[in-house]
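Model the full structure from these sequences, guided by the hints.
As given, the protein sequences belong to chains A, B, C, D, E and F, one line each in that order.
Counting in my numbering, the first sequence runs from 31 upward without gaps.
Counting in my numbering, the second sequence runs from 31 upward without gaps.
Counting in my numbering, the third sequence runs from 31 upward without gaps.
Counting in my numbering, the fourth sequence runs from 31 upward without gaps.
Counting in my numbering, the fifth sequence runs from 31 upward without gaps.
Counting in my numbering, the sixth sequence runs from 31 upward without gaps.
Among the hints, erroneous ones may be present.
Where chains are identical, the list cannot tell them apart; a pair therefore holds if satisfied intra-copy or between any two copies.
[Unchecked claim] Cut-off 25 Å, straight-line C-alpha distance, at most; resulting in silico cross-link-like pairs (DSS-like, lysine-lysine):
no.	residue 1	residue 2
1	Lys161	Lys122
2	Lys55	Lys122
3	Lys84	Lys123
Keep in mind that the hints were calculated from the coordinates and are not lab data.
Please read these numbers as outputs of a predicted model, since none were measured by experiment.
Number of protein chains: 6
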Amino acid sequence: MTMVPPIEYDRASAEVRAVYDDIMKTRGTDWINNFRKALANEHPTLRRTWESVKQVMAPGALDPLTKELLYLAVSASNGCAYCTASHAAAAKKQGMTPQIFAEVLAVVGMANETNALANGYRVPVDARFEKLF
Amino acid sequence: MTMVPPIEYDRASAEVRAVYDDIMKTRGTDWINNFRKALANEHPTLRRTWESVKQVMAPGALDPLTKELLYLAVSASNGCAYCTASHAAAAKKQGMTPQIFAEVLAVVGMANETNALANGYRVPVDARFEKLF
Amino acid sequence: MTMVPPIEYDRASAEVRAVYDDIMKTRGTDWINNFRKALANEHPTLRRTWESVKQVMAPGALDPLTKELLYLAVSASNGCAYCTASHAAAAKKQGMTPQIFAEVLAVVGMANETNALANGYRVPVDARFEKLF
Amino acid sequence: MTMVPPIEYDRASAEVRAVYDDIMKTRGTDWINNFRKALANEHPTLRRTWESVKQVMAPGALDPLTKELLYLAVSASNGCAYCTASHAAAAKKQGMTPQIFAEVLAVVGMANETNALANGYRVPVDARFEKLF
Amino acid sequence: MTMVPPIEYDRASAEVRAVYDDIMKTRGTDWINNFRKALANEHPTLRRTWESVKQVMAPGALDPLTKELLYLAVSASNGCAYCTASHAAAAKKQGMTPQIFAEVLAVVGMANETNALANGYRVPVDARFEKLF
Amino acid sequence: MTMVPPIEYDRASAEVRAVYDDIMKTRGTDWINNFRKALANEHPTLRRTWESVKQVMAPGALDPLTKELLYLAVSASNGCAYCTASHAAAAKKQGMTPQIFAEVLAVVGMANETNALANGYRVPVDARFEKLF
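Encoded structure:
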């Protein structure tokens, strides 16, 4: 951990341990990643973001794999190395194959190209795209 | 069209018409959107990006709806209004419901939050995330 | 002007007028754009950015057209509508043709695509690219 | 290669070798960089992006050096380390001197500053910038 | 509202009204902005983001004005027009003067310039910056 | 230094030394960071950005600590590792505690989430937010 010390379970406060325990139980794992260990330096943000991720990533109209692929796509597009690596791993656990991974990145690449072109030409939104629902 | 004049079918060159015809046939529609009409000012880019999108968005390991959701997620994350609107419309055509739309954006929002946190804390990638496949 | 009132020449302070005069003289024009009129609400930033732009965009190892194309490319890539429009106009004044404009945007689009792919695959920099000069 | 194994020429499929051969012939080199070796895990994206780059970067209204400088500028602005390093190397091969490199980055920096200012003040596009061509 | 219909108080569900009531009470106002009316199309995200913002923006080691200035700075830097406008208004309510607004944007502009330069030169982090706390 | 050699004081030109001397005197330190040593390869950019930073970061309506926190927030949001690390160090020197650091990043994260949501829903700016001052 570069900016702040990682908070290991052994020296964590009760509030942090409670979140760590819930993460491990929910994820069915026995370890805590570096991201959580960094956030644990201020437990309200650790708890809030964990509760948020749990809610957002729970099965809904979209299944967990699709949600992880979306998370991965945004992270790759933003160039966030940590989140790209961690959500690619999470997606793999949900069933992402190498072919799916390649297709996700192909869409991400294409989207970034046409986003830049649409912005560069300053293309106005077509009337029929204005109202979605 | 703000930066360049939109190229309407009537005054389009043969090269542009060929792409327009293929777009309408492939998409099963009878119109061309503002993005294509802008790109048509230089037909090689019109053709190249159309052929690329056709390849990337074709059914593969991922179905067309999932691909459109990924495209939408990246476009929303990048703040590209045109692509957000046009790919939301395309996704809706593939079956995206209001609930799916809301869940996609919830993931996009959450990913942007944790991307920023991971970057701000400069969290090192965990060893077990280093190698994906 | 949305966030702050535009500062017109007539009601500008002496400090602002001095910058406005230098802009019009240097650019060989008789008007001030909305960007400068917004910055003029706080004259030190107006002066500082104008002096900086004047220095950066002056002919050097690169000619003024190339510099404007670079400015345009970055602005389009960032999705800044104002800067895309204003620097496209400036580039046109320096000789940018519709074909050049289209080629600039094609490169911008392609760069955004491969940037996203390189980030998504987390490609390590090749040893021979490590040292440039 | 972190996320996926690099595909070396020796164990590459015929489709991948065909692209590798074309890259080396076109570029006049005898090696393949890490980016291509990553993309080679899914050959359609390898081929498509290579064909696209070849088309986009070919001499046109703009010469190859200017195109590489634009590619470099966008990559640096996006903070893509891989593309910044690889396109800086490509630009150097086309004649980029240390002075040109510094001038490119100076423009990139200035563009990012004024992009942020224009967005922050929410400056409306001047009427005379609305129509470019 | 472009993509989804705004949910007005009158036709809002009990879950949405409960959040609206809390927003108005907490903020000491009698209206709901367009952002909340859009999110209200899916009440879990409305509630979650409102609870998160309430927690994050509450007085802590930093006072509310400073927090709003940070929110504004990030929104302006990201080019999010809606958030720039809404958080500038919120900051003004907390005491932001025109001079403070101008200074915030000057820092945002400068940060974007040097961010781009640091990325372009690929400057390695100095050893003494590696560990913050 | 990866792309260009760092310019150490000993072999620096008179122009570079003059800036280095002013930096060390103004900052009250006896060393020059990697960012300046990279920029020193082209002294006009070194001088210009230093003079600009000096002006922008000087005490004004905002105190130096608040300015450094804004700089840090934007750098973290942009994912610029160098600037995040260097401005976090500068902010700490001005009094930033671990708690303040955590609160800054919590705001940065939240802003990025709602920026993405506002863009994704394409929320129109409320009439009462349109005019700030």
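Comparing the hints with the structure gives:
1. Taking the shortest Cα distances, lysine 161 and lysine 122 sit within 25 Å of each other only across copies (11 Å), while inside one copy they are farther apart (36 Å).
2. Taking CA atoms no more than 25 Å apart as the test, lysine 55 paired with lysine 122 passes inside one copy only; the shortest distance there is 19 Å, against 36 Å between copies.
3. When the C-alpha separation of lysine 84 and lysine 123 is checked against a cutoff of 25 Å, the pair qualifies only within one copy, where the shortest distance is 16 Å, while the shortest distance between copies is 29 Å.
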